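Enquirer: Residue numbers (our numbering), protein chains in the order written: chain A, -1 to 178; chain B, 4 to 617.
Some hints here could point you the wrong way.
[Claimed, not checked] Lysine-lysine pairs mimicking BS3-like chemistry, simulated, CA-CA at most 30 Å apart:
1. B:Lys344 x A:Lys90
2. B:Lys384 x A:Lys172
3. B:Lys384 x A:Lys69
Hints in this document: simulated from the structure, not taken from any laboratory.
Quick caveat: nothing in here was measured; it's all calculated off a predicted structure.
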Amino acid sequence: MSQKSEYIQTETGNKVSRKSLIIGSQNIILGGKTIIQADCCIRGDLRRLVPQGQNAAAVAIAVGRYCFLSKGCLLRPPSKTYRGQFSYYPMKLGDHVFVGEGSVVEAAVIGSYVNIGKNCVIGKFSIIKDCVRIEDGTVIAPNSVIPSFSSVEGYPGIVVEELPETAAEMLELKELYKSI
Amino acid sequence: MSSFPYIHISCPCNEDRPQTLTIDSARPISPSKSPSKHDFSFPPAAPQTPTKRRTLLAPFTPSVSFDATNLDLDDDEELTDEDEENNFDPRDPRSAFSLFPIENLLYCEDCHQIRCPRCVQDEIVCWYCPSCLFEVPSSTVKSDGNRCTRNCYLCPVCTALLAVIPVNHSTLNPGSTSDHPTGPFNLFCSHCHWTTSDLSPPIQLEKPTSISAQLSKLTHSPQDNEFTRLKQHYAQQLGNAQEDFTNSPAALTRLMGLYTGLGSSSGSHGGGRKGRGVKKLEMKEVDRPREVIEEREMEIVERMAKAGLNATTNAKQRLSQPHEPRFISDLTPTAVLLRTKRSKRCRACRHILVKPESKVQTTRFRIRLVALNYIPSLTIKRLDSTIAWNNLTPHKTHRFLLTVTNPLFDPISVSLLTPRRTPGTAFASRVTILCPEFEVGANTDVWDDALMSTKPAAVTPSGVATPPVAGSFASFSKDPKMSTVYEQKRNYTSVVIEVVPPEIPDTRDTRIRDERLLEIPIYVRVEFEAEVDRDDEEGGGGRPSHSGASGGAVQREKVEYSYWCVVGVGRVGDPVEGVVASEPNTPVRTPVGTPVKAPRTPAAMRTPLRQVRS
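Build out the structure end to end from the sequences listed, making use of the hints.
Expert: Given below as structure tokens:
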């Protein structure tokens, strides 16, 4: 696709663009065969604050296998003030998660086989279940839950369509990984 | 329509016209039998040589030769006119209802047919709230309605989910909040920042839990009151007449008379029934037209004038609420609508095609017969990356790559047939599939592919091996091997399709349909040899498999099926200078012509998708 030196390949098959910005990489887990394109930003430094003396929770962002983070997207762990304490909370992405160009993700959990279009905003602490397609330009409100087999659109995002039983095959990203 | 390119497959339910029933009138319709036998049986006019094994499957007797090479290219023009009605017309209003992407189609193993969402029957497996993902028992749905009765509420302004926050919540001084936030509480929309305090009068909740119970006490819309009043009224009426409403047939006739009598006129009830000496039974209807009180309307107008249009609701907001409020301050939070998990049955044979697991949070299926696993799927790519899908140049030959992928475990031979000119329009585009007959390998293990990758490309039906082309297409176009397949890999084969669109006036504004939309109907015919277990035959057969676990005598038999699909190639753009019509001299005179007659034969009309020749 492009010159070979653009991506750094890890032992587990992750391909990370040299032009991406990954902060706090010790708090980020990539499951393998995940592609991170140029200008992506992953904020692994924003991790949970714990009282002194305790070991900090190590993982800020966990990403599954065969995920694809397109150009210019941002993964930022969600944050809130709970009992007077401001803190970030871990973010978890499943397998075969596609994040489109310029999208901002602050979800708590994203399941497997999820396709997030271009220029979307996934609000804080939202939960996206398996087999979900989020159309371009959708804004998902904070704390919302998107059930499985949904196609979401709009501002704020609402379920506009039910996906067929073949959603997992449609949203699989193995071929996409091979093409890079 | 969706973005280009797209490929939609025509479900055979499109072809189940009433006339097939009249043809088959000799056979009595018995409800106990599978309706598929009836619906898809062959007309008696056709040669009746039923196969031994599957009687419901009629022999495939093509009325036209499918052999593309035998067709004389010279007289194709006449043939085109003659056989136009045989072709599938994607612009036909009826066909629009049966075209679906292959992902949306199911496959019935017993009818051997594609099943689209129109020809399946849904059955609810469970109800659940899409927000809290808790299952709601169907008894609760019956009693409490189809909305979440827990704590899930949507913002009436923007439909985002509402959160519960304390009224004195402040993000500015986080240190001041105690461990346990104390009430009262608001429902707060984190998307548009609407809160229940914005209402007039504001709603504030005592506790952060059991919101439904609290809200139902606080909000009494006039419509709720009206419903309660109606319910009370009719319950009372029913109570008065309880002794008359027994299960006897007489009571039923009386009940019927009651309502028919009401329908006629109010004056009639002085007559007939009185004479029988029965206690006068009459249901008093609460029949009050919606009153428009002038003062109230004036009040609303004044309020609108004062508050401005921004304080009024839009149609969507208004109609989503039972009391149809005119002002945003009258909107109340709406409970989340429940969603269902459904299983799907074939309408013809009642077999289950899809059965999801009943647990709400799993995405697995117990049964899932999707067409993707049974019929070869087509994809289209452009060979020349300069082709703009939305702006095809008239008179220019556009080359696309049509790829057929085989999901079966047996190699298949595929014939693609397309009308030489796209049907259903005055502005027909010329379409040529350069290699309409070819083989597609079996969907074997990926490892086989890796091991066989050194093997040269498979031999095409025409006997010429084609290595995958690496060079530019410009040199390739002069190649006489153009008539062979373009690329062949493990379980897919790609062939070239040429499209020459004509000049088409832009009709989007003046007419309902878009003449510039270029859709190509393609008739796909698939033939393969499947292993069939003997035990399997009586049960109507199943998908050919290599398992062989049943231990029955495995034998091979020829299976063939066919379907129409529509390829949405793109939109034809404005004519470009320098590119002119070249009708007699096609840029590449194709050595193998595409058969003109892609038949809408009985094969596609009334027989099952899949047939077996002994």
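Enquirer: Now look at each hint and say whether the structure bears it out.
Expert: Now for the hints, and whether the structure bears them out:
no.: 1; hint: B:Lys344 x A:Lys90; verdict: holds, 26 Å
no.: 2; hint: B:Lys384 x A:Lys172; verdict: holds, 19 Å
no.: 3; hint: B:Lys384 x A:Lys69; verdict: holds, 24 Å
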